[in-house]
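A.B. asks: Heads up: the sequence lines are chains A and B, in that order.
First residue of the first sequence? That's 10 in the numbering used here, and the numbers climb one at a time after it.
First residue of the second sequence? That's 220 in the numbering used here, and the numbers climb one at a time after it.
Just so you know, these hints were derived from the structure itself, not from any lab.
Be a bit skeptical, because a hint or two may be false.
Here are the in silico distance ranges between beta carbons for each label pair [to be verified]:
| id | chain 1 | residue 1 | chain 2 | residue 2 | range |
| --- | --- | --- | --- | --- | --- |
| 1 | A | R82 | B | K425 | 45 to 51 Å |
| 2 | B | E287 | A | R138 | 40 to 46 Å |
| 3 | A | Y310 | B | E287 | 55 to 61 Å |
| 4 | A | V45 | B | A302 | 47 to 53 Å |
| 5 | B | D491 | A | F59 | 44 to 50 Å |
| 6 | A | L176 | B | N289 | 33 to 39 Å |
| 7 | B | L436 | A | N281 | 43 to 49 Å |
| 8 | B | M276 | A | Q20 | 47 to 53 Å |
| 9 | B | F280 | A | I230 | 53 to 59 Å |
| 10 | B | G386 | A | P110 | 29 to 35 Å |
| 11 | B | F280 | A | L176 | 55 to 61 Å |
| 12 | A | W145 | B | R433 | 50 to 56 Å |
| 13 | B | D284 | A | P110 | 24 to 30 Å |
Listed next, the stretches of chain A that the computed footprint assigns to chain B, with coverage defined by at least 3 CB atoms under 8 Å from CB atoms of chain B [claimed, not checked]:
| id | segment |
| --- | --- |
| 14 | 38-47 |
| 15 | 76-89 |
| 16 | 100-109 |
| 17 | 187-197 |
| 18 | 216-225 |
Beyond 12 Å from chain B on every Cβ pair, some chain A residues (computed) [to be verified]:
| id | residue |
| --- | --- |
| 19 | K26 |
| 20 | L124 |
| 21 | W141 |
| 22 | T260 |
If you're wondering where the values come from, they're calculated on a predicted model, not measured in any experiment.
For glycine and all other residues, C-beta sits at the position ideal for the given N, C-alpha and C.
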Amino acid sequence: MTAYIIRRLLQSLIVLKAVLLIVFLMLQITGDPAAVLMPLDATQEDLARFRHEMGFDQPLPVQYYNFLFGHGRNTGVLRGDFGFSFRHEVPAMGLVWEHFPATVQLALAALLIALVLAIPAGILSATFRNTWLDHWSSVGSMFGQSMPEFWLGLMLIIVFAVKLGFLPTSGYEGPEYIILPALTAGLYATARIMRVMRSQMLEELGQDYVRTARAKGLGEIAVVVRHALKNASIPVVTIVGIELGFLLGGTVVVEAVFAWPGVGFLVVDAINNQDYPVVQAAVALLAFNFVGVNLAVDLLYAWLDPRISYR
Amino acid sequence: MRPDKAAVVAVDGPIAGAAERGQRPSELRLAIRELLRRPPALFGLFCCTVVMIWALMPGLFSPLDPLEQNLDRYLKAPGYVDALGRTYWLGTDQQGRDILSRVIWGSRISLIVGITTVVVSGLVGVFLGILAGYNGGWIDTVISRIIDTLFAVPFVLLAMSLIAILGASLENIILAIALRTWIIYARVVRGEALSLREREFIAGAKALGCGTTRILLLYLVPNVMSSTIVVATLNLGRMIIIESSLSFLGLGVPPPTPTWGNMLAEGRAFLDTAWWIAFFPGVVLMLTVLGTNLIGDWLRDILDPRLKRLGD
Numbered sequence: 010m011t012a013y014i015i016r017r018l019l020q021s022l023i024v025l026k027a028v029l030l031i032v033f034l035m036l037q038i039t040g041d042p043a044a045v046l047m048p049l050d051a052t053q054e055d056l057a058r059f060r061h062e063m064g065f066d067q068p069l070p071v072q073y074y075n076f077l078f079g080h081g082r083n084t085g086v087l088r089g090d091f092g093f094s095f096r097h098e099v100p101a102m103g104l105v106w107e108h109f110p111a112t113v114q115l116a117l118a119a120l121l122i123a124l125v126l127a128i129p130a131g132i133l134s135a136t137f138r139n140t141w142l143d144h145w146s147s148v149g150s151m152f153g154q155s156m157p158e159f160w161l162g163l164m165l166i167i168v169f170a171v172k173l174g175f176l177p178t179s180g181y182e183g184p185e186y187i188i189l190p191a192l193t194a195g196l197y198a199t200a201r202i203m204r205v206m207r208s209q210m211l212e213e214l215g216q217d218y219v220r221t222a223r224a225k226g227l228g229e230i231a232v233v234v235r236h237a238l239k240n241a242s243i244p245v246v247t248i249v250g251i252e253l254g255f256l257l258g259g260t261v262v263v264e265a266v267f268a269w270p271g272v273g274f275l276v277v278d279a280i281n282n283q284d285y286p287v288v289q290a291a292v293a294l295l296a297f298n299f300v301g302v303n304l305a306v307d308l309l310y311a312w313l314d315p316r317i318s319y320r
Numbered sequence: 220m221r222p223d224k225a226a227v228v229a230v231d232g233p234i235a236g237a238a239e240r241g242q243r244p245s246e247l248r249l250a251i252r253e254l255l256r257r258p259p260a261l262f263g264l265f266c267c268t269v270v271m272i273w274a275l276m277p278g279l280f281s282p283l284d285p286l287e288q289n290l291d292r293y294l295k296a297p298g299y300v301d302a303l304g305r306t307y308w309l310g311t312d313q314q315g316r317d318i319l320s321r322v323i324w325g326s327r328i329s330l331i332v333g334i335t336t337v338v339v340s341g342l343v344g345v346f347l348g349i350l351a352g353y354n355g356g357w358i359d360t361v362i363s364r365i366i367d368t369l370f371a372v373p374f375v376l377l378a379m380s381l382i383a384i385l386g387a388s389l390e391n392i393i394l395a396i397a398l399r400t401w402i403i404y405a406r407v408v409r410g411e412a413l414s415l416r417e418r419e420f421i422a423g424a425k426a427l428g429c430g431t432t433r434i435l436l437l438y439l440v441p442n443v444m445s446s447t448i449v450v451a452t453l454n455l456g457r458m459i460i461i462e463s464s465l466s467f468l469g470l471g472v473p474p475p476t477p478t479w480g481n482m483l484a485e486g487r488a489f490l491d492t493a494w495w496i497a498f499f500p501g502v503v504l505m506l507t508v509l510g511t512n513l514i515g516d517w518l519r520d521i522l523d524p525r526l527k528r529l530g531d
């Protein structure tokens with residue numbers, strides 16, 4: 010087990026280093042980072058001076074080293090310094106951090122909605138397999154997986170905000186503001202978790218120990234909840250973790266639709282304004298998050314299911 | 220079943236090949252029979268065929284010019300008839316353009332981007348997946364770590380940044396999406412190749428003196444085809460959604476070319492006065508994706524039931 014943990018940690022470290030390389034290369038593919046980072050009306054002299062100041066006139070490996078460990082006033086991304094946001098004139102990482110709690114709130118709310126909907130739906134459709142309940146929840150999850158999130162968001166706005174006037178269209182001013190974004194963002198996760206829950210329950214309900222439990226006269230609810238559900242939950246934990254990872258990094262479009270002031274909203278704005286340090290900081294933070302969540306899920310999985318062999 | 224077939228071909232090529240040809244019609248007939256018994260798959264096939272035909276011959280189906288502006292027709296509701304007696308079945312947008320015609324023309328970009336990214340990322344993914352799974356060793360380690368890394372990077376953000384940097388053209392959009400999507404194929408194919416390389420027919424081929432390239436092309440590729448086709452079909456819908464998301468955020472093929480995504484973005488400003496602008500492109504988009512997903516589910520059941528548990 011210890012060896013497994015160490016191996017997973019090392020793997021994650023390698024991935025994180027590679028993520029930083031990608032973040033570094035994002036600016037390099039433009040051909041001339043100085044031109045991208047400087048205002049459009051900058052003169053040739055300005056550009057040359059900036060290029061020298063930032064070390065863009067050095068060979069790539071040196072630039073990468075500087076990017077990681079710092080150069081001039083910059084202390085390097087390993088210390089969390091991604092440079093300054095041009096638009097807001099504050100450190101890029103600080104700006105991203107400020108917007109991060111809103112993204113976490115949205116992701117957690119979406120996951121909560123997904124769990125509340127998906128787990129009972131999955132259990133019920135497996136228990137009542139091939140009934141109308143099962144069929145309709147399959148149809149529902151099929152639609153859920155096929156619907157573009159941003160379109161669902163727009164339709165929810167039309168129905169609940171414009172026509173019925175129940176909920177606000179967009180913004181971040183009170184608890185009621187999170188309902189529509191969370192519903193929208195949770196849709197895909199709901200469909201996926203439901204499908205996994207259903208198939209896991211079906212598999213467990215076909216096992217011998219379930220037949221034994223029934224044979225000894227246990228009530229159906231006890232069989233489903235106390236026996237089958239317990240064993241079916243383990244793979245569901247994994248998929249829930251993966252979905253949380255996706256939600257933390259993938260609510261960009263939903264945040265844009267609802268003007269939800271999270272990292273995604275910030276980045277869309279930054280991309281439109283060519284504020285690349287902010288984009289780099291955000292991509293790095295979200296990727297680190299994803300790796301962290303996945304590592305946690307893997308370790309949790311290993312702890313929950315001792316049968317797994319750790320090669 | 221597939222590896223055995225390949226094994227037979229390996230041992231006595233032409234005869235087994237003839238037997239395989241003899242089998243094919245019955246397999247096809249089975250597939251069709253299976254299809255007829257599954258209304259959802261039929262429905263999916265119907266949706267996809269309609270959109271496909273639209274994309275191939277939009278001029279034939281679009282009732283009006285998708286770009287013709289006329290502010291006299293500003294935000295008319297579905298069913299509006301103008302002075303010339305032309306009906307705007309799905310209404311008009313803020314520039315008086317016909318929504319139905321724009322939806323039909325918009326199918327082009329979605330399908331071009333969707334299909335091209337699937338083909339490009341499929342080819343790259345299958346190649347690298349086989350390479351990693353069959354060779355093992357450091358090649359596998361390198362490719363696997365690249366996959367892990369790309370998996371961790373937030374996809375939409377990466378694609379958006381790339382398009383913003385490179386410029387929003389059709390090729391750049393395809394490139395930005397495919398750059399990340401190949402890992403989905405590579406993951407599945409790598410797993411298959413890992414188990415295939417232990418099989419006897421591979422050992423047999425090696426014993427007969429086949430080189431690595433020959434083994435990869437003749438024995439591995441055919442055996443990972445069915446799962447690749449399934450993953451590709453299920454992935455196509457996702458790609459179409461990604462393209463329209465990018466377009467929605469202003470990083471798609473630029474206007475005036477109609478795309479479902481930029482139509483939705485335009486409709487967003489009129490949610491309270493003209494719901495139809497944002498409603499109809501989204502419905503067609505959803506039905507297209509639903510169609511590919513239903514076909515994908517059906518293909519998975521007939522081609523590769525083992526993939527059932529794979530989420531992505």
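A.B. asks: Each hint: holds or not?
C.D. replies: Going through the hints against the structure:
no., hint, verdict
1, A/R82 / B/K425: 45 to 51 Å, "violated, 60 Å"
2, B/E287 / A/R138: 40 to 46 Å, "violated, 53 Å"
3, A/Y310 / B/E287: 55 to 61 Å, "holds, 58 Å"
4, A/V45 / B/A302: 47 to 53 Å, "holds, 51 Å"
5, B/D491 / A/F59: 44 to 50 Å, "holds, 46 Å"
6, A/L176 / B/N289: 33 to 39 Å, "holds, 36 Å"
7, B/L436 / A/N281: 43 to 49 Å, "holds, 46 Å"
8, B/M276 / A/Q20: 47 to 53 Å, "holds, 50 Å"
9, B/F280 / A/I230: 53 to 59 Å, "holds, 54 Å"
10, B/G386 / A/P110: 29 to 35 Å, "holds, 34 Å"
11, B/F280 / A/L176: 55 to 61 Å, "violated, 38 Å"
12, A/W145 / B/R433: 50 to 56 Å, "holds, 51 Å"
13, B/D284 / A/P110: 24 to 30 Å, "violated, 49 Å"
14, 38-47, "holds (count 3)"
15, 76-89, "violated (count 0)"
16, 100-109, "violated (count 0)"
17, 187-197, "violated (count 0)"
18, 216-225, "violated (count 0)"
19, K26, "violated, 9 Å"
20, L124, "holds, 16 Å"
21, W141, "holds, 15 Å"
22, T260, "violated, 9 Å"
Hint violations for this structure: numbers 1, 2, 11, 13, 15, 16, 17, 18, 19 and 22, all remaining hints satisfied.
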